[in-house]
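Protein chains in written order, with the numbering used here: chain A, 1 to 260; chain B, 261 to 411.
If you are wondering where the hints come from, they were derived from the structure by calculation, not from laboratory data. Positions of the beta carbon are idealized from the N, C-alpha and C atoms, including for glycine.
With a straight-line Cα cutoff of 16 Å, these simulated EDC-like cross-link-like pairs (lysine to aspartate or glutamate) come out:
id : chain 1 : residue 1 : chain 2 : residue 2
1  : A       : Lys180    : A       : Glu201
2  : A       : Lys260    : A       : Asp133
3  : A       : Lys25     : B       : Asp378
4  : A       : Lys229    : A       : Asp207
5  : A       : Lys26     : B       : Asp378
6  : A       : Lys145    : A       : Asp250
Taking CB as the label site, the calculated pair distances span:
id : chain 1 : residue 1 : chain 2 : residue 2 : range
7  : A       : Arg68     : B       : Leu403    : 39 to 45 Å
8  : B       : Ile396    : A       : Ser42     : 26 to 32 Å
9  : A       : Val74     : B       : Leu403    : 52 to 58 Å
10 : A       : Arg68     : B       : Thr351    : 50 to 56 Å
11 : B       : Arg305    : A       : Arg63     : 52 to 58 Å
12 : A       : Glu86     : B       : Ile280    : 55 to 61 Å
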Amino acid sequence: MPRKRTLLFFAVIISAFVLMSYQSKKGRQASGTALAGPLNASHSAARSVSDFLLRPFRMMAARDEENRRLRKQVEALSIEKERTQEALIENRRLKELLKFRDTQPSAVANARVIARGLDNWAHTVLIDKGSRDGVAREMAAVTPKGLAGKVVSVSDGYATLLLLSDINFAAAVRLQGTRKEGVLAGTGSGKCVLKYMPYEEEVKPGDIVITSGLDSLFPQGIPAGYVSKVDSGGKGGNFQYVEVIPFQDDTRMEEVLIVK
Amino acid sequence: MKYLQWAAAAFLVFFLQGRISVLGITPDLTALVAFCAGIRQGETRGLFTGMVIGGLQDGMSLSIIGPNLLGKGLVGYFSSSFLSGGMLRWTPVLGIVAVSLLTLLDNTTVFFARSLFDRPPAALSTAVFVSVMQAILNAPAGLCIRPPHAD
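Working from the sequences, and respecting the hints, build out all of it.
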């Protein structure tokens with residue numbers, strides 16, 4: 001029996017070789033592609049079934065993808081909107097400054113605040129205009145809101161401003177209503193004090209303080225701030241203690257106009 | 261009924277072979293049918309089942325008839341001699357090794373037969389890669405396909 005099997009085995013091998021040799025010389029004689037018909041049909045059916053079953057999941061995936069894409073788009077548009085908004089605000093600010101410049105005959109240059117002063121104690125800022133642009137020491141810096149400070153040092157392309165709130169700042173001012181003169185001095189905080197206001201002088205919170213021009217440093221009539229607190233109880237010694245809040249907030253200053 | 265079952269199994273493996281793909285390589289499921297036939301029904305039936313299924317595969321391919329017929333026939337024949345208890349006793353590891361080796365044998369036979377009598381079906385390096393991958397993919401089936409009186 002095993003011998004018979006071995007013979008069968010070799011017979012199969014020899015037959016296969018003969019068959020293949022014959023086909024290699026004469027070409028393939030019979031085509032069995034028709035056999036693949038039912039198989040192909042079943043593949044097609046399986047494809048249809050799998051498509052039918054997977055369609056909802058594919059649609060979910062497609063929606064998910066679209067959702068992700070739209071979210072990205074919304075984010076990009078939000079950023080774009082923020083930028084546009086920023087440009088609009090800047091545009092408005094610069095227009096105001098230009099208009100303001102037209103009202104100032106002694107304007108020297110428009111400058112952009114580019115940095116805060118390096119000294120933590122001093123209230124100073126760096127601007128992008130210097131002696132090349134006509135900026136010189138002791139010139140005043142103003143904004144459409146009011147007095148901002150004065151130039152304390154200048155280089156070719158840059159200058160440093162001493163701000164109103166610095167303790168070393170002082171300007172000759174007067175109360176807009178009563179025309180009473182005084183000296184506005186910084187305190188090192190966000191507020192200033194109006195010095196040398198006698199007790200008999202009536203000062204009320206809300207009074208406007210403007211530059212008097214008597215110090216030959218700041219042009220006359222520039223709004224500096226408003227009175228926020230008055231203490232007539234002796235805190236100021238021989239004079240009233242008058243606290244003034246500057247119109248121009250140091251922390252929100254982006255452009256200034258340098259005037260002489 | 262038994263022939264119907266074998267026909268259904270053959271149809272199923274042809275169907276699955278067209279649908280399953282791992283790293284672009286389809287497992288050689290027809291070799292598994294030949295292996296199964298050999299291990300369960302002996303050398304002669306294994307040989308004939310392998311020849312029939314291989315012949316069908318050749319028929320449905322665009323190449324000459326013979327390479328798969330011979331390859332699957334050899335798988336059916338040798339699977340029986342490996343594992344029916346004549347030479348070696350079946351164990352799961354031996355099953356895995358046998359399936360892998362016989363898949364390699366099938367692929368080698370088909371590759372060389374086509375190269376000799378028709379055109380080489382692939383570059384040698386590709387053929388080696390495909391054969392090894394198919395042997396690896398088929399290997400786990402060696403655990404499940406066992407002789408009738410294995411335990």
